[in-house]
Amino acid sequence: MKFRLIVLWLVVGIPLLWGVSKTLQNALKLFG
Amino acid sequence: MPSSFLDRESTVAPAGYNRFLVPPAALAVHLSIGQAYAFSTFNLPLTKLLGITHSDPSDWKLTDVGWTFSIAIAILGLSAAVFGRWVERVGPRKSMFTAALCFGGGFIVAAVGIHFHQLWLLYLGYGVLGGCGLGIGYISPVSTLIKWFPDRPGMATGMAIMGFGGGALIAAPLSLLLMEHFKTPTSTGVLETFVTMGVIYFMYMMIGVIAVRVPAANWKPAGWVPPVKAQRLVTTANVAVDNAWRTPQFWLLWGVLCMNVTAGIGVLGQASPMIQEIFSGRVTPAAAAGFVGLLSLFNMGGRFFWATISDYLGRRNTYMVFFLLGILLYSAVPTLGHLGYIELFVAAFAVILSMYGGGFATIPAYLRDMFGTMNVGAIHGRLLTAWSVAGVLGPVLVNYIRQFQIDHGVAKAQAYSITMYIMCGLLFVGFLCNLAMRPVDERYHYRAPKPAK
Numbered sequence: 000m001k002f003r004l005i006v007l008w009l010v011v012g013i014p015l016l017w018g019v020s021k022t023l024q025n026a027l028k029l030f031g
Numbered sequence: 000m001p002s003s004f005l006d007r008e009s010t011v012a013p014a015g016y017n018r019f020l021v022p023p024a025a026l027a028v029h030l031s032i033g034q035a036y037a038f039s040t041f042n043l044p045l046t047k048l049l050g051i052t053h054s055d056p057s058d059w060k061l062t063d064v065g066w067t068f069s070i071a072i073a074i075l076g077l078s079a080a081v082f083g084r085w086v087e088r089v090g091p092r093k094s095m096f097t098a099a100l101c102f103g104g105g106f107i108v109a110a111v112g113i114h115f116h117q118l119w120l121l122y123l124g125y126g127v128l129g130g131c132g133l134g135i136g137y138i139s140p141v142s143t144l145i146k147w148f149p150d151r152p153g154m155a156t157g158m159a160i161m162g163f164g165g166g167a168l169i170a171a172p173l174s175l176l177l178m179e180h181f182k183t184p185t186s187t188g189v190l191e192t193f194v195t196m197g198v199i200y201f202m203y204m205m206i207g208v209i210a211v212r213v214p215a216a217n218w219k220p221a222g223w224v225p226p227v228k229a230q231r232l233v234t235t236a237n238v239a240v241d242n243a244w245r246t247p248q249f250w251l252l253w254g255v256l257c258m259n260v261t262a263g264i265g266v267l268g269q270a271s272p273m274i275q276e277i278f279s280g281r282v283t284p285a286a287a288a289g290f291v292g293l294l295s296l297f298n299m300g301g302r303f304f305w306a307t308i309s310d311y312l313g314r315r316n317t318y319m320v321f322f323l324l325g326i327l328l329y330s331a332v333p334t335l336g337h338l339g340y341i342e343l344f345v346a347a348f349a350v351i352l353s354m355y356g357g358g359f360a361t362i363p364a365y366l367r368d369m370f371g372t373m374n375v376g377a378i379h380g381r382l383l384t385a386w387s388v389a390g391v392l393g394p395v396l397v398n399y400i401r402q403f404q405i406d407h408g409v410a411k412a413q414a415y416s417i418t419m420y421i422m423c424g425l426l427f428v429g430f431l432c433n434l435a436m437r438p439v440d441e442r443y444h445y446r447a448p449k450p451a452k
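If you read the protein sequences in the order shown, they are chains A and B.
Residues 0 to 31 in numbering that gives the first Met the number 0 are what the first sequence spells out, letter by letter.
Residues 0 to 452 in numbering that gives the first Met the number 0 are what the second sequence spells out, letter by letter.
Be aware that one or more of the hints could be misleading.
[Claimed, not checked] Below 35 Å or equal to it, Euclidean Cα-Cα: the simulated DSBU-like pairs (lysine-lysine) are: (1) B:K60 <-> A:K21; (2) B:K411 <-> A:K21; (3) B:K411 <-> A:K1.
Hint data in this document are derived by calculation from the structure and do not stem from the laboratory.
All figures in this text were calculated on a predicted structure; none of them were measured in a lab.
Taking the hints into account, I'd like the entire structure generated from these sequences.
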């Protein structure tokens with residue numbers, strides 16, 4: 000159950016973090 | 000796939016099931032359908048399908064393509080309202096599967112429309128079919144999460160609805176990446192991108208379909224005791240969906256959501272030109288895109304933050320903060336722009352957009368507090384018609400008032416001031432709706448039919 004919990008959170012967490020980092024890179028241009 | 004796999008009975012969790020397995024299932028669906036907010040990345044490429052490097056006279060116009068998103072959002076609200084009761088009856092797995100079929104299939108039908116250059120197929124595919132996927136997918140996991148987290152309903156639904164905000168953050172770079180990958184001298188790559196995204200999103204949503212579980216009847220979190228002392232605006236009763244919309248509370252909440260969304264959605268759509276025009280010469284288009292990105296981040300983060308806070312602060316108090324702080328910030332924005340305080344201007348809009356997202360994420364828990372858990376998903380579906388109205392009202396207010404002022408000789412930098420004060424007025428209406436909130440009259444409460452003697 001614990002393994003499934005980690006895998007599921009990674010499956011949703013990794014794409015979300017990727018999207019957030021891309022957006023953050025873009026957002027930093029505002030202060031560049 | 001045997002049909003029984005999709006039935007509610009097959010999704011009942013065994014004893015000892017870890018409830019934290021359910022939010023990622025909901026997130027898989029919301030992260031996918033949140034793509035809708037990034038549809039604008041396709042707008043320009045869709046106007047160059049024939050000309051490839053430029054818009055051919057027989058290419059679709061930007062205004063024609065722009066309708067696709069509007070149709071999808073309008074259908075989202077309508078389908079959530081129409082299918083809410085069905086979603087409640089069949090359970091989250093079958094409804095999430097239907098949403099995956101509609102949303103993924105919508106991309107494929109739209110791709111056929113792109114192939115044959117038939118605009119109506121784009122509207123039918125992404126707008127109507129995809130819009131049904133959005134509406135059904137949006138409400139599918141809500142009541143399930145509320146039942147799994149009776150102790151923290153705001154946090155649980157906030158987590159899922161945060162996914163809808165986060166979906167755009169993934170879809171925007173993903174769409175650009177795919178279009179770049181599929182681009183050739185004879186193709187913009189949009190057709191291939193639509194097919195790929197349709198397949199990817201269908202498969203990703205299937206993770207949610209497979210993982211979702213509903214709690215067994217009368218299940219409670221270990222060690223949690225329902226509060227003995229009833230709170231004034233948190234009911235222990237239930238109201239059926241057909242009665243809920245006859246109560247004044249439903250329409251007050253409708254007003255609360257509509258005003259909160261209208262105030263945010265118009266700004267979100269015009270954020271890039273707005274900051275460039277108010278700070279003319281100081282903000283480049285690239286920096287303006289950064290501003291839009293920053294607002295999207297706060298829109299997403301606010302969904303989790305405010306919905307979680309509402310578990311401690313109470314739902315009505317949280318909306319009071321949205322409306323009062325919103326009025327304060329909106330009324331300060333013209334002055335901040337006039338004085339050239341760009342950092343404070345950005346900060347004000349970041350907080351405003353966090354509350355816009357927070358409004359979406361806190362409403363399911365507010366509905367639970369007012370109407371109970373029995374039909375909360377279906378009631379939520381009907382309430383989302385407020386979103387459809389706000390989706391039209393917000394952009395129309397911002398765009399037309401700006402244009403009206405410019406046509407009457409107001410400088411572009413000052414053309415947003417009146418709009419901001421109108422937003423304050425809308426938020427004040429929302430404040431009054433929230434202030435008028437009272438517990439639902441007992442005559443609307445659900446009473447189980449007495450067994451025949």
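Checked hints:
{"no.": "1", "hint": "B:K60 <-> A:K21", "in the structure": "holds (29 Å)"}
{"no.": "2", "hint": "B:K411 <-> A:K21", "in the structure": "holds (31 Å)"}
{"no.": "3", "hint": "B:K411 <-> A:K1", "in the structure": "violated (57 Å)"}
Violated hint for the displayed structure: number 3, the only one.
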